Amino acid sequence: MLLPQLIVNGIIAGAIYALVAASFSLIFNILKFMDLSPGALFVIGAFATYAFNILFGMNFFISLLLGLIVVAICGVLINLIVYTPLRKRKADNFSLLLASFGVFLFLTGMILLIFGAEVKSFGFPIEKGYEILGIVITKLQIILIIVSLILFVALQLFMTKTKIGKALRAISDNPRIASTLGINTEKFTNITFIISSLLAGIAGILISLEQNLDHAMGFSVILKGITASVVGGIGSVPAALIGGFLIGIVENIGIWFLPSGFKDAIAFVILIIFLLIRPKGLFGVKTREEVSG
Amino acid sequence: MALEAYLIHILILVGIYIILALALQLAMGFTGLLNIGHVAFYGIGAYTSALLALNLGVPFWFGLIIGGLVASIFGILLAIPTTKLKGDYLAIGTLGFAIIIFSILQNWISLTNGPLGLPGIPKPILFGFKFTGFSYLILVYVFVLITYWIVKKIVKSPFGRVLKAVKDDELAASSLGKNPIKYKIIAFAVSAFLAGIAGSLYAHYISFIDPSSFTILESILIISMVIIGGLGSIGGAIFGAAFLILIQEPIRFLPLPSSVLGALRQMIYSGLLIILLIFKPKGLWGGKNASRN
Numbered sequence: 013m014l015l016p017q018l019i020v021n022g023i024i025a026g027a028i029y030a031l032v033a034a035s036f037s038l039i040f041n042i043l044k045f046m047d048l049s050p051g052a053l054f055v056i057g058a059f060a061t062y063a064f065n066i067l068f069g070m071n072f073f074i075s076l077l078l079g080l081i082v083v084a085i086c087g088v089l090i091n092l093i094v095y096t097p098l099r100k101r102k103a104d105n106f107s108l109l110l111a112s113f114g115v116f117l118f119l120t121g122m123i124l125l126i127f128g129a130e131v132k133s134f135g136f137p138i139e140k141g142y143e144i145l146g147i148v149i150t151k152l153q154i155i156l157i158i159v160s161l162i163l164f165v166a167l168q169l170f171m172t173k174t175k176i177g178k179a180l181r182a183i184s185d186n187p188r189i190a191s192t193l194g195i196n197t198e199k200f201t202n203i204t205f206i207i208s209s210l211l212a213g214i215a216g217i218l219i220s221l222e223q224n225l226d227h228a229m230g231f232s233v234i235l236k237g238i239t240a241s242v243v244g245g246i247g248s249v250p251a252a253l254i255g256g257f258l259i260g261i262v263e264n265i266g267i268w269f270l271p272s273g274f275k276d277a278i279a280f281v282i283l284i285i286f287l288l289i290r291p292k293g294l295f296g297v298k299t300r301e302e303v304s305g
Numbered sequence: 019m020a021l022e023a024y025l026i027h028i029l030i031l032v033g034i035y036i037i038l039a040l041a042l043q044l045a046m047g048f049t050g051l052l053n054i055g056h057v058a059f060y061g062i063g064a065y066t067s068a069l070l071a072l073n074l075g076v077p078f079w080f081g082l083i084i085g086g087l088v089a090s091i092f093g094i095l096l097a098i099p100t101t102k103l104k105g106d107y108l109a110i111g112t113l114g115f116a117i118i119i120f121s122i123l124q125n126w127i128s129l130t131n132g133p134l135g136l137p138g139i140p141k142p143i144l145f146g147f148k149f150t151g152f153s154y155l156i157l158v159y160v161f162v163l164i165t166y167w168i169v170k171k172i173v174k175s176p177f178g179r180v181l182k183a184v185k186d187d188e189l190a191a192s193s194l195g196k197n198p199i200k201y202k203i204i205a206f207a208v209s210a211f212l213a214g215i216a217g218s219l220y221a222h223y224i225s226f227i228d229p230s231s232f233t234i235l236e237s238i239l240i241i242s243m244v245i246i247g248g249l250g251s252i253g254g255a256i257f258g259a260a261f262l263i264l265i266q267e268p269i270r271f272l273p274l275p276s277s278v279l280g281a282l283r284q285m286i287y288s289g290l291l292i293i294l295l296i297f298k299p300k301g302l303w304g305g306k307n308a309s310r311n
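As they're listed, the protein sequences go chains P and E.
Residues 13 to 305 (this note's numbering) are what the first sequence spells out, left to right.
Residues 19 to 311 (this note's numbering) are what the second sequence spells out, left to right.
By construction, these hints were calculated from the structure, which means they are not laboratory data.
Computed from a predicted model, the values in this text were never measured in an experiment.
Glycine included, each C-beta is placed from N, C-alpha and C at the ideal position.
Hints may be right or wrong, so weigh each one.
Straight-line alpha carbon distances no greater than 30 Å define the calculated DSS-like cross-link-like pairs of lysine-lysine that follow [stated by the list, open to error]:
no.: 1; chain 1: P; residue 1: K102; chain 2: P; residue 2: K292
no.: 2; chain 1: E; residue 1: K148; chain 2: P; residue 2: K292
no.: 3; chain 1: E; residue 1: K182; chain 2: P; residue 2: K102
no.: 4; chain 1: P; residue 1: K44; chain 2: E; residue 2: K104
no.: 5; chain 1: P; residue 1: K275; chain 2: E; residue 2: K102
no.: 6; chain 1: E; residue 1: K182; chain 2: P; residue 2: K100
no.: 7; chain 1: P; residue 1: K44; chain 2: E; residue 2: K200
no.: 8; chain 1: P; residue 1: K292; chain 2: E; residue 2: K102
no.: 9; chain 1: P; residue 1: K178; chain 2: P; residue 2: K275
no.: 10; chain 1: E; residue 1: K298; chain 2: P; residue 2: K44
no.: 11; chain 1: P; residue 1: K178; chain 2: P; residue 2: K100
no.: 12; chain 1: P; residue 1: K102; chain 2: E; residue 2: K141
no.: 13; chain 1: P; residue 1: K100; chain 2: E; residue 2: K170
no.: 14; chain 1: P; residue 1: K199; chain 2: P; residue 2: K292
no.: 15; chain 1: E; residue 1: K200; chain 2: E; residue 2: K170
no.: 16; chain 1: P; residue 1: K140; chain 2: P; residue 2: K275
no.: 17; chain 1: E; residue 1: K298; chain 2: E; residue 2: K141
no.: 18; chain 1: P; residue 1: K132; chain 2: P; residue 2: K44
no.: 19; chain 1: E; residue 1: K182; chain 2: E; residue 2: K298
no.: 20; chain 1: E; residue 1: K148; chain 2: P; residue 2: K102
Over 10 Å on every C-beta distance to chain P, these chain E residues come out as not near it, computed from the model [claimed, not checked]:
no.: 21; residue: L25
no.: 22; residue: L31
no.: 23; residue: N73
no.: 24; residue: W79
no.: 25; residue: G105
no.: 26; residue: D106
no.: 27; residue: G111
no.: 28; residue: F115
no.: 29; residue: R179
no.: 30; residue: I234
no.: 31; residue: I265
no.: 32; residue: E267
no.: 33; residue: G280
no.: 34; residue: L282
no.: 35; residue: Y287
Which stretches of chain P does chain E cover? Using the computed rule of at least three CB atoms under 8 Å from a CB of chain E, they are [as the list claims (entries may be wrong)]:
no.: 36; stretch: 108-116
no.: 37; stretch: 122-136
no.: 38; stretch: 233-246
no.: 39; stretch: 278-288
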């Protein structure tokens, strides 16, 4: 029963990748650049919640709420301090991508400086998993998958049914027309960053409940998130979800054949294959011209 | 004596990074190839030459050249498919490549010895003379001069002017009968060759290499050198390399644990990168060709 277990492990990892993919994809759709900062916000979410809960001894749910507020504030500050001035001087996408790398390194360096390198945990008692048809899964892992799915449904409803969501999609389709129609793009940029940071932050909190907290976990996660959104098709919320699960499952089945250290490499081989053969992804709407020159 | 040895050490590192930065400048600054995977070529050069010396007793001088050639073969293999991609997709593709190479260095234990690394890499010997300390410094700067000469020659040649045309306006260049892809691939191959040489110089200097010297952070450090010096400026790349190595040194003497020092260094160069991208996108050296936007 090894294969079903690997698939379930893949779904658990995929639920996290999918959230980060959605976080990444949202910014890419509205602002058209690749932003790595969700990787840092992922880590900040986990560590902020940890600080409130364990270091300050606050109630877990209050800590969670405060942690998410910290993440959202960080997201907006990153936009205001770094990306807005860059966009004002019409910096190219690569400068923005590099700046986001800078933001990522700066913030994760800061987390390391504040919290130190030793491994931390929320210290939840280790529970014995349920065993269904030989597959072992813990309660926390089930919660993780369910929360991720609920967030995706909520995000999809938000983007299609609410006024803000519709405005965001209008900006994504054509920012110039959207601003002539009276949509204040700057304001919506901040809203985008709040939603995107919350998605990354929640993903970080979820994974740190399940595993330990590690300041270095953000990098691999954002790369998987990017891979998931490219594979799914950059620019659509459901595609990010499917891309996330796909990457999670493929890399977990992959370690059946290869040493587990190759996990990251597997995801990137898939990424490069997709960039070359199907850059618009499985469900993408982008034309080839937008991707290759 | 200790001070002298320390100064020689720093200057050797500066020299190696100047070669890396000049190599990247050729691909990124002059040809517009947004390569985040530069470190992979550095690592390939280092490992090729170290393994040849350790397993087959190949002398440094041949190992160096073969290291460069193997790196450039990988450069061509990466360039053929990815140079078709647009800016930030190319960046993500090269990033993926660097992570795949890192995974191989880390996990192909029988070849690379994995995380334990390769100790005892011999120093170069020429007619019975062994290069160490000051003589190694001279050796490194001979290669710095050669690199400088190669890059300068290429940039000033008709070939270099085509590269610039390809960077500025690919369509115009191809309508004049120049095949942009071919030129990009050659630029990539030369850049990878020089980075491979730098890797070999590093391996035989430090005499022990492990995968941790070739992470994506190194790539970002080298990119930061190029940006801080100014894209498209040879002097800028040299200045940027010296500046970023030297500015990190004083931190080493702070009485802090090494994990904290690492975090501080990371914050300093990523912070500098962000500040420069926002306020001085043409770099501190301010090359006249440095326009990107």
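Structure-based check of each hint:
Restraint check for P:K102 and P:K292: the C-alpha separation of about 25 Å stays at or below 30 Å, so the hint holds. As the CA atoms of E:K148 and P:K292 are separated by approximately 55 Å, the hinted pair breaks the 30 Å bound. The suggested pairing of E:K182 with P:K102 holds, with an alpha-carbon distance near 21 Å, which does not exceed 30 Å. Pair hint P:K44 plus E:K104 holds up; C-alpha atoms about 13 Å apart against a cutoff of 30 Å.
For the suggested pair P:K275 and E:K102, the alpha carbons sit about 27 Å apart, so the restraint of at most 30 Å is met. With a C-alpha separation of about 26 Å, the suggested pair E:K182 and P:K100 falls inside the 30 Å cut-off, and the hint holds. Pair hint P:K44 plus E:K200 holds up; C-alpha atoms about 28 Å apart against a cutoff of 30 Å. Between P:K292 and E:K102, the direct Cα distance comes to roughly 14 Å. Compliance with the 30 Å bound is thereby established for this hinted pair.
A distance of roughly 38 Å separates the Cα atoms of P:K178 and P:K275; the hinted pair therefore is violated under the 30 Å criterion. Note on E:K298 and P:K44: the hinted pairing holds, with a Cα-Cα distance of about 22 Å set against a maximum of 30 Å. The straight-line distance between the Cα atoms of P:K178 and P:K100 is roughly 24 Å, inside the 30 Å bound, and the hint therefore holds. For a cut-off of 30 Å, the pair hint linking P:K102 to E:K141 is broken: about 49 Å separates their Cα positions.
A hinted pair counts as satisfied when its Cα atoms are at most 30 Å apart, and P:K100 with E:K170 does not qualify at roughly 34 Å. With a C-alpha separation of about 29 Å, the suggested pair P:K199 and P:K292 falls inside the 30 Å cut-off, and the hint holds. A threshold of 30 Å between alpha carbons decides the hint, and for E:K200 with E:K170 the separation of about 20 Å falls inside it, so the pair holds. For the hint linking P:K140 to P:K275, the alpha-carbon distance of about 26 Å falls within 30 Å, and the restraint holds.
Restraint check for E:K298 and E:K141: not satisfied, since their Cα atoms lie roughly 41 Å apart, outside the 30 Å limit. For the hint pairing P:K132 with P:K44, the CA-to-CA distance comes to about 36 Å; that exceeds 30 Å, so the pair is violated. With a C-alpha separation of about 22 Å, the suggested pairing of E:K182 with E:K298 holds against the 30 Å cut-off. Restraint check for E:K148 and P:K102: not satisfied, since their Cα atoms lie roughly 53 Å apart, outside the 30 Å limit.
For E:L25, the requirement that its beta carbon stay farther than 10 Å from each beta carbon of chain P is met, with the minimum near 27 Å. Non-interface status of E:L31 relative to chain P is upheld: no Cβ of that chain comes within 10 Å, the nearest being about 20 Å off. Listed as a non-interface residue, E:N73 keeps its Cβ farther than 10 Å from every Cβ of chain P; the least gap is roughly 22 Å. E:W79, annotated as away from the interface, keeps every beta carbon of chain P farther than 10 Å; the closest lies near 33 Å.
Annotated as non-interface, E:G105 brings its C-beta within 10 Å of a C-beta of chain P; the closest such distance is 5 Å. The non-interface label for E:D106 is inconsistent with chain P: the shortest C-beta to C-beta separation is roughly 5 Å, within 10 Å. Taking the minimum C-beta to C-beta distance to chain P, about 5 Å, the non-interface status of E:G111 is violated against the 10 Å cut. Not every CB of chain P lies more than 10 Å from the CB of E:F115, the least distance being 7 Å, so the non-interface label is violated.
Listed as a non-interface residue, E:R179 keeps its Cβ farther than 10 Å from every Cβ of chain P; the least gap is roughly 20 Å. A cut-off of 10 Å between C-beta atoms contradicts the statement that E:I234 is not in contact with chain P; the least separation is 8 Å. Non-interface status of E:I265 relative to chain P is upheld: no Cβ of that chain comes within 10 Å, the nearest being about 15 Å off. The beta carbon of E:E267 is kept farther than 10 Å from every beta carbon of chain P, the shortest such distance being approximately 18 Å.
Listed as outside the interface, E:G280 is inconsistent with that label: its C-beta sits roughly 8 Å from the nearest C-beta of chain P, within the 10 Å cut-off. At the 10 Å boundary, the C-beta of E:L282 falls inside the reach of chain P, the nearest C-beta of that chain being 7 Å off. At roughly 8 Å from the closest C-beta of chain P, the C-beta of E:Y287 falls inside 10 Å, breaking its exclusion from the interface. Residues of the stretch 108-116 of chain P with a Cβ under 8 Å from some Cβ of chain E number 7, which satisfies the need for three, so the listed coverage holds.
Coverage of the stretch 122-136 of chain P by chain E holds [criterion: at least 3 residues with CB-CB distance below 8 Å; count 5]. Under the rule that three or more residues need a Cβ within less than 8 Å of chain E, the assignment of the stretch 233-246 of chain P holds, with 4 such residues. Restraint check on the stretch 278-288 of chain P versus chain E: 6 residues with Cβ-Cβ distances below 8 Å, three needed, restraint holds.
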